[in-house]
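Undergrad: These are the residues of each chain, in order.
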Amino acid sequence: MPQPTLDVRNLQTHFFTRDGVAKAVEDVSFSLGSGEVLGLVGESGSGKTVTGFSILGLVDPPGEVVGGEILFKGRNLLKLSEEEMRNVRGNHLAMVFQDPMMTLNPVLRIDTQMIEAIQAHQKVGTDVARERARDALGKVGIASPDERLRAYPHQFSGGMRQRVAIAIALLNQPELIIADEPTTALDVTIQGQILHEVQRLCRETGTALIWITHDLAVVAGLAERICVMYAGRIVETGSVDEVLDRPLHPYSKGLIESVPSHNQRGRRLNQIPGMTPSLLSLPEGCAFRTRCPIADVECRRLPSLHEAETERRIFCHHPQRETA
Amino acid sequence: MTVFIIRRLLQSIVVVFLMSLLVFVGVNVVGDPVDMLINPEADQAEIERVIRHFGLDKPLHIQYGHFLLNALNGDLGKSFIFGMPALKLILMRMPATLELAFSALILAVLIGIPLGVYAGLKSKAKVSRTIMAGSILGFSLPTFWVGLMMIMVFAVMLGWLPSTGRGETVLVAGIELSFLTLDGLSHLLMPALNLSLFKMSLVIRLARAGTREVVHQDYMKFARAKGLSESRLIFVHLMKNILIPVVTVLGLELGGLIAFSVVTETVFAWPGMGKLIIDSIHLLDRPVVVAYLMIIVLMFVIINLIVDVLYSILDPRVRLQDMKT
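Sequence order for the protein chains is A and B.
Per the working numbering, residue 1 is the first one in the first sequence, and the count goes up by one each step.
Per the working numbering, residue 1 is the first one in the second sequence, and the count goes up by one each step.
Take every hint as true, because none was put in to throw you off.
No more than 30 Å apart at the CA atoms, straight line, and that leaves these computed lysine-lysine pairs for DSSO-like:
| hint | chain 1 | residue 1 | chain 2 | residue 2 |
| --- | --- | --- | --- | --- |
| 1 | B | K221 | B | K126 |
| 2 | A | K23 | B | K124 |
| 3 | B | K240 | A | K123 |
| 4 | A | K123 | A | K139 |
| 5 | B | K240 | B | K221 |
| 6 | B | K240 | B | K124 |
| 7 | A | K79 | B | K124 |
| 8 | B | K275 | B | K78 |
| 9 | A | K73 | A | K139 |
| 10 | B | K221 | A | K123 |
| 11 | A | K139 | B | K221 |
| 12 | B | K221 | B | K124 |
| 13 | A | K73 | A | K23 |
| 14 | B | K58 | B | K78 |
| 15 | A | K79 | B | K122 |
| 16 | B | K221 | A | K73 |
| 17 | A | K123 | A | K73 |
| 18 | B | K58 | B | K88 |
| 19 | A | K79 | A | K23 |
| 20 | B | K126 | B | K240 |
| 21 | B | K240 | B | K122 |
| 22 | A | K253 | A | K23 |
| 23 | B | K122 | A | K23 |
| 24 | A | K79 | B | K221 |
| 25 | B | K78 | B | K88 |
| 26 | A | K79 | A | K123 |
| 27 | B | K221 | B | K122 |
| 28 | A | K23 | B | K221 |
| 29 | B | K275 | B | K88 |
Pairwise CB distance ranges (calculated):
| hint | chain 1 | residue 1 | chain 2 | residue 2 | range |
| --- | --- | --- | --- | --- | --- |
| 30 | A | M101 | B | S229 | 20 to 30 Å |
| 31 | A | G192 | B | I6 | 47 to 57 Å |
| 32 | A | Q173 | B | A125 | 32 to 42 Å |
| 33 | B | I313 | A | T189 | 32 to 42 Å |
One-sided excerpt, in silico: chain B residues whose CB lies under 10 Å from chain A:
| hint | residue |
| --- | --- |
| 34 | K221 |
| 35 | A225 |
| 36 | E230 |
The hints are simulated quantities; they were obtained by calculation from the structure and are not laboratory data.
All C-beta atoms, glycine included, are put in the ideal place defined by N, C-alpha and C.
Could you build the full structure based on these sequences and the hints that come with them?
TA: Printed below as a string of structure tokens:
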């Protein structure tokens, strides 16, 4: 098996708050090869975004990566110096953020923000860098990129800004892009366009992609494999079709059943009872135990992430095999 | 942009006119300058001659009309005391005050912004807490007291710096400047520092507040995710954002710095116009007081205009709105 582009092993990121230690990411492992698309799914606060920031080394205090390994093309990113890490960021590893209205600096022109991203990693003249910036804008479907380069972020709509952010992420042809709910803040038609665009670009350049989202429909159309996260842990992982059609973990099952299109008109939506527990006071054993319809005494003991079927791992004592 | 400037200029003319009315009437209803000017033993005929000479016998609105007509020709009246045009008298003293004020402003920016940004970036460090405590002192200690203390320590006890006057000056384009000679610089340092202390504290607090707000913005994180160096993050991405409030406030404060450098000028015997205005108020030298106030009004109006232009350079969002109007 060839070396994976990214191999995350037992990642632990904790936040040391005044009220205690919040284990935002606990024992998370996954890997993906070049050109592969991985969907990272879960509710708000399940640790998806923190996982993304941990990989880039951008966790702000009081958060801290306290354990595990992040092997990027065989190199452990957690062992790199700040300067080495700076050189990886934006160069080999790029990220697109959730809110396009906030990701571009409002007082700097688009060209400034794009050219600096190129010149941070390569010694090229401003003219050459500008040309590459223009090409990148063209690639993400922005009309008359020459004019647009001289504009300021507030002259763009949300969808356009997200395209610019994606263009910036693509500038240095990274091996991996982490997209943190990049279409959540956009309306549905723009969402579709951007999804299509990203899919095409990744296929063309062989860039691996981690798509963080809570939208199962998006993942279904985009990703090959999926990791479902709950309370900082991966509770189920497998191929998209398998997991969505035949979820083994009761949480994945609940998540999929709560999608409106699965329900008949006029019937109450299925929902997962209760609320996401606070990371500061997780229940002992399985964190989903208090909301789980099939929890029993055994669930007070921490389950392990085990191979339930080929290529499918699950973090549960009672996989939902019989129900389909 | 041009339309914007023209509109602002028209507004400015209205402001200046209204201020002239207020100032003229206000100054002319206070006290009787004749008492101050005349020999107490002069007889009635002598007194009336002086009153007529200064045009004080005419009704106030006529006096104002004269003043306005002359003002349009650049004549703001003659000083009762010195017998020379008030405008000329003030302009002679102006370079000294402007030099002091701008030196204070530059000190406030050069020292205030780095300290403020540092305190914002490392808000928990001991150094930052010391800076913030210092800025509270800068806010609250009275200027004259700090000035006196500076003179005591640096001029009297240590003997490092001279305590009064402008020192050796150089004539540049008909204006005497202190900061071009070493001696002049040593004379300038203490008063400038004294005057800038308050503004410096203001800049520190503005820069710190701005920094603390901006560093947590998504665009800073995105900039880091692009792999930019720390220096580019701070000097380009952060700085340009925090400069917007700093420029606005400093612009407004500059007028105050010039108009109210009176205290510092008095403490350090700096021969600027602040000292002149205090003397003129004591002697009820009305034309000088009026002329001084008019110049200050003009200065405020011009500074505000410059700030607006600067502001639009810093913040592209403002620029666009101006173009539409």
